[in-house]
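Colleague: Next come the chains, spelled out residue by residue.
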Amino acid sequence: MLVVENTKCECGHQNSVGTVLCESCGKPLENNELSDLPLEMRYDGVARRSQKSNPNLIDKIWNFFSSVKIAIYLIVFTFLTAMLGTIYPQENTFVNNFDPSVYYEETYGLPGKLYYLFGLSHTYETWWFIGLLVMIGTSLVICSLDRVLPLYRALSKQQIRKHLQFIHRQKTVYKHTIDGDAEQWTEKFGAQLKRKGYRIHREGSALLAEKNRFSRWGPYINHIGLILFLLAILARSIPDWQMDSYITIPDGDTVQIADTNYFVKNEKFTVEYYKDEELPAKLKGTARAKLFETKAVLYECVSSCNDQTQKPVLKEVKRHNIIVNEPLKYKGLKLYQFDFDTTPRLNAVHPILVNKETGEKYGPFDLPMKDSALHHKLGPYTLDLYANYMEFAIGDNGEPTTLSRDPVAPAFIFTVKGPGLDPKGEPYMYFPMQKDKVKFSQDAINHGIADKIEIRVDGMENVDFSEASTYLNVRMDKALPYVWIGAVFSMIGLLMGSYWQHRRIWLRIDDGQLSLGAHTNKNWYGMRSEVAGALQKIGITVDPKLLDNGGNNA
Amino acid sequence: MSLVDFSSDAFIVAFFLYCFAFMFYVIAIAGKKWSNRDPLQHEKRWGRVAFITSSLGLASHLTFFFTRWAGSGQIPTSNMYEFMTFLGMAIMIAFTIVYSIYRKPLLGMFSLPLTVIIVAYASVFPQEVQPLIPALNNYWLKVHVTTAALGEAFFAVGFAAGLMYLLRVVDFKGKTKEAKRSQFWVEFSLYSIILIVGFIVAVFAFRGMGYEAQFVQEKSVIDAKGTETTTSETVDYSLPPIVKPYNSDIVKYEPFLGMEQPIFEAPYWMNGANSGRKLNTVLWSIIAGSLLYGLLRLAFRKPLGAVIHPVMEGVDPDDLDEISYRSIAIGFPIFTLGALIFAMIWANIAWGRFWGWDPKEVWALITWLYYSAYLHFRLSRGWQGRPSAWLAVIGFVVVLFTLVGVNLVIAGLHSYSGV
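Here the protein sequences come in this chain order: W and D. Just so you know, we're using the working numbering here: the first sequence kicks off at 1 and counts up by one. Just so you know, we're using the working numbering here: the second sequence kicks off at 555 and counts up by one.
Okay, chain W solo, but in the shape it has when bound (with noise of 0.2 Å):
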């Protein structure tokens, strides 16, 4: 059965269960009444409301997440999980497509499949972490409203003369005989108080001096500002709030971002790099570049975008050159400098035909390595495109196959048909660049029709190629914003809690007796000393230790 615990204090004030010290009057309500040891100042010794008698589940839920215990249970957990995700890199930091699956266990065997199967090599997204993350978010909002309004309740109330055994048992205590008038006194002390920046309430010869209540509010702003940076990081798991992923784009090539309407032209991609003479001797004649940026253009798609047979039409909506620490940015995308590639890279020829027999030259057409027309029509001559490889090779089965999709050894098998060639065509072999020509031997696969015609580029000027590919980061997030109104918040409630300290005196005067008491939430050197101090102003020279009650420094 319930008991009936009696919460009235001898001053008359009603207080609910789970008070520590009376509301009003500041009298130790614990039954102990004896001892002397220093009080329990927590939240004023207030009730809390998870200190409520009889709880139901909610209540219970509620009692949970209240208790500091439980939040530092929490934190400890989430740090010690933060600390395995650490071991081996994480999946995200590969950038290209590698299997999971795989690379744990074949770069660091049986811990390293472990690692995998456990979910470690994705910890920070895993259900659990992310769990514990949602229970700190609660703890922070439970823990603070739990204790933040029964304390403001407390602090905005306060009543100036306390109870004797309340001021006896502060952690910074000094009794005194006064002689002469005791609201002289006070007033004088009062006065050296205020001074020092305090608040003074006086009641006759007892008085209340108070400072930086503010500070108080602190460490419930900062948890404030955790909630929203917690909510703004949960919030970035809704689709379209945040996007990060990579693009190759060659000098002179446009591409579209993926899933976005955008797309990206890389005008013309350069890099400088140290010069010797500036750098250590340990470095020197190592590429080490200073400076890289690439004239970047962004289109927005117009129309006829998810089209696949027609061009899309597209709208210039912003021109940057992006360097590191310089992105492109327009209407919350990104476009930031990552890396690059100077491996040049063949983008079109202008070839001609020659008729080996007479001379005669056609041409020169337009050959790109990619998306190349079909059909060309040089002169008495078509050209059919019968097949296109980007890196041609010769696989297993003796058949031609491309290694890759960059135009790395591009080749062309074209159906040729003309004067002197057979009317149903006959298949001629193209290789742009000259090392693939040799290698392959060209003029042996296509033997018969190499004496009779001869697809070639005159000159430099009629290669295109692109001497540099940028990478560039695509990102977007629109929880950034949020992200910093919290950190902002919870900054300022740290410093008003860490840089301030919320400092009281209470003192009453009974029959020429002093007895005073004095509390801060931290820092009770600086304290003690503040007292001395005020003391020694009005006469009465104390050693600041000596004020030292016992007890904890919270």
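Just so you know, these hints were derived from the structure itself, not from any lab. Owing to the predicted nature of the structure, the values given are computational and were not obtained by experimental measurement. There could be a bad hint or two in this list.
Pairs of lysine-lysine residues, derived as BS3-like cross-links and limited to a Cα-Cα distance of at most 25 Å, are as follows [as the list claims (entries may be wrong)]: (1) D:K598 with W:K545; (2) D:K856 with D:K587; (3) D:K586 with W:K545; (4) W:K545 with D:K658; (5) W:K370 with W:K329; (6) D:K587 with W:K545; (7) W:K356 with W:K417; (8) W:K265 with W:K370; (9) W:K311 with W:K265; (10) W:K27 with W:K8; (11) W:K268 with W:K295; (12) D:K598 with D:K586; (13) W:K265 with W:K196; (14) W:K290 with D:K696; (15) W:K196 with W:K537.
To be clear about the criterion: a stretch of chain W counts as covered by chain D if any three or more of its residues have a C-beta under 8 Å from a C-beta of chain D, and this derived list gives those stretches [unchecked claim]: (16) 68-75; (17) 145-159; (18) 269-279; (19) 478-491.
By construction, the Cβ of each residue, glycine as well, lies at the ideal position given by its N, Cα and C atoms.
Fit chain D to the supplied structure of chain W, relying on the hints for placement.
Modeller: Leaving out everything else, chain D in the frame of chain W:
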């Protein structure tokens, strides 16, 4: 003489001033018991001498910092040498602030050696000015690194005060299980500090002798296209190789103390030629540190904790507890601002994301969570004093791992500012 050379001289001056200041703090504390003097007067006088010396040291250190900045055209916090010297300077700044609040010369006796060790540790790394790669060249970087280091410096002072608290309150004569355990761990903490000293001593001793060895490690990688590429990595040892990199060949080797070849090879999971070198360095630190510790034990014939304990008599442990807590409470907002908020701003500017779970970022978060747990523990009954002193000591280990350990052990985005 160029500005950079001048700054190096200022650095050496600062180092020696710190050493002298340390000695003066020791005299101020230990000399109280000398005959024919008033202990309070003695502590006051020598405390002032020591504080002036350490402040001159700090002034000289600041001179080093700003002249090197002017001379090289970039803020000297970009490689390990510059960062560690900056951390040493930040500890001195934090110490000076805390000292001006509490005026306890004893604090100098522990903060100064910490600074000296960190500054000496910095000197192990190459000291030349290196050009920055573009990603590092930003205003926010400077703000981020300096603020974070200052926050960490306050944690370091909290650590020093925490360790002092333990040396003060642990009963070094006690025979109970509890007392024995405390004695062991205090001794272990001191031993760990000596290991770092051992590392510095070993590096400078062998550098003085001009010791060199070189290994080459060949590694073949088969890429997605099936082409095998072999890369070879050479690594220079400045300490005699006890252990050689996994699967490597000797290029150059000087026998040392009859050691004709490395005693063993690094295990296979220690990837890369450099991890072999790092393991070798760790082994040498343990050897040199243990030798040093052994010599000290021989000289004093009792555990080091018991040697220092009597010096601490008369110090109020409550003051130490409060100083430790206070330093951490002062440092925490600075650390939050520097290591998390400024870091996020910078990361957002440089990489376009404010947080990427990079190991260095994660460890900064771990440090922050650790100290927020510490601050909450202080709210609970029974966590003041001894337990919180231990937390302050362990906390600094976490800080050091974040600063140095992550760069040594785990690679990440920050590794280019590495060793």
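Colleague: Compare the structure with each hint and give your call.
Modeller: The hints, checked one at a time:
Proximity of D:K598 to W:K545 is assessed by CA-CA distance (about 18 Å); at most 25 Å being required, the pair is judged to hold. As the CA atoms of D:K856 and D:K587 are separated by approximately 21 Å, the hinted pair is consistent with the 25 Å bound. Our distance criterion of 25 Å between C-alpha atoms is met by D:K586 and W:K545, whose separation comes to about 21 Å. Taking the CA atoms of W:K545 and D:K658, the gap is near 14 Å; set against the 25 Å cutoff, the hint holds.
For the given pair, W:K370 sits about 30 Å from W:K329 by alpha-carbon distance, which is inconsistent with the 25 Å threshold. Restraint check: the Cα-Cα separation between D:K587 and W:K545 comes to about 23 Å, which is no more than 25 Å; the hinted pair holds. A C-alpha spacing of about 15 Å is found between W:K356 and W:K417, which places the hinted pair at or below 25 Å, so the restraint holds. Straight-line distance between C-alpha atoms of W:K265 and W:K370 comes to about 16 Å, which keeps the hinted pair within the 25 Å bound.
Between the alpha carbons of W:K311 and W:K265 the distance comes to roughly 15 Å, so the proposed pair stays at or under 25 Å and holds. About 11 Å separates the Cα atoms of W:K27 and W:K8, which keeps this hinted pair within 25 Å; it holds. Restraint check for W:K268 and W:K295: the C-alpha separation of about 5 Å stays at or below 25 Å, so the hint holds. Annotation: proposed proximity of D:K598 to D:K586 holds, straight-line Cα distance about 10 Å (limit 25 Å).
Taken as a hint, the W:K265 and W:K196 pair is broken in the structure, with Cα atoms around 66 Å apart against an allowance of 25 Å. Note on W:K290 and D:K696: the hinted pairing holds, with a Cα-Cα distance of about 18 Å set against a maximum of 25 Å. In summary, the hint linking W:K196 to W:K537 is supported, as the alpha carbons are separated by about 12 Å, within the 25 Å threshold. With a threshold of 8 Å between beta carbons, the proposed coverage of the region 68-75 of chain W by chain D holds, since 5 of its residues qualify and at least three are required.
As drawn, the region 145-159 of chain W meets chain D at 0 residues by the rule of a beta-carbon pair under 8 Å; below three, the given contact is violated. Here's how the region 269-279 of chain W fares: 3 of its residues keep a CB closer than 8 Å to some CB of chain D, so the rule of at least three is met and the hint holds. Residues of the region 478-491 of chain W with a Cβ under 8 Å from some Cβ of chain D number 5, which satisfies the need for three, so the listed coverage holds.
Violated hints for the displayed structure, listed by number in ascending order: 5, 13 and 17.
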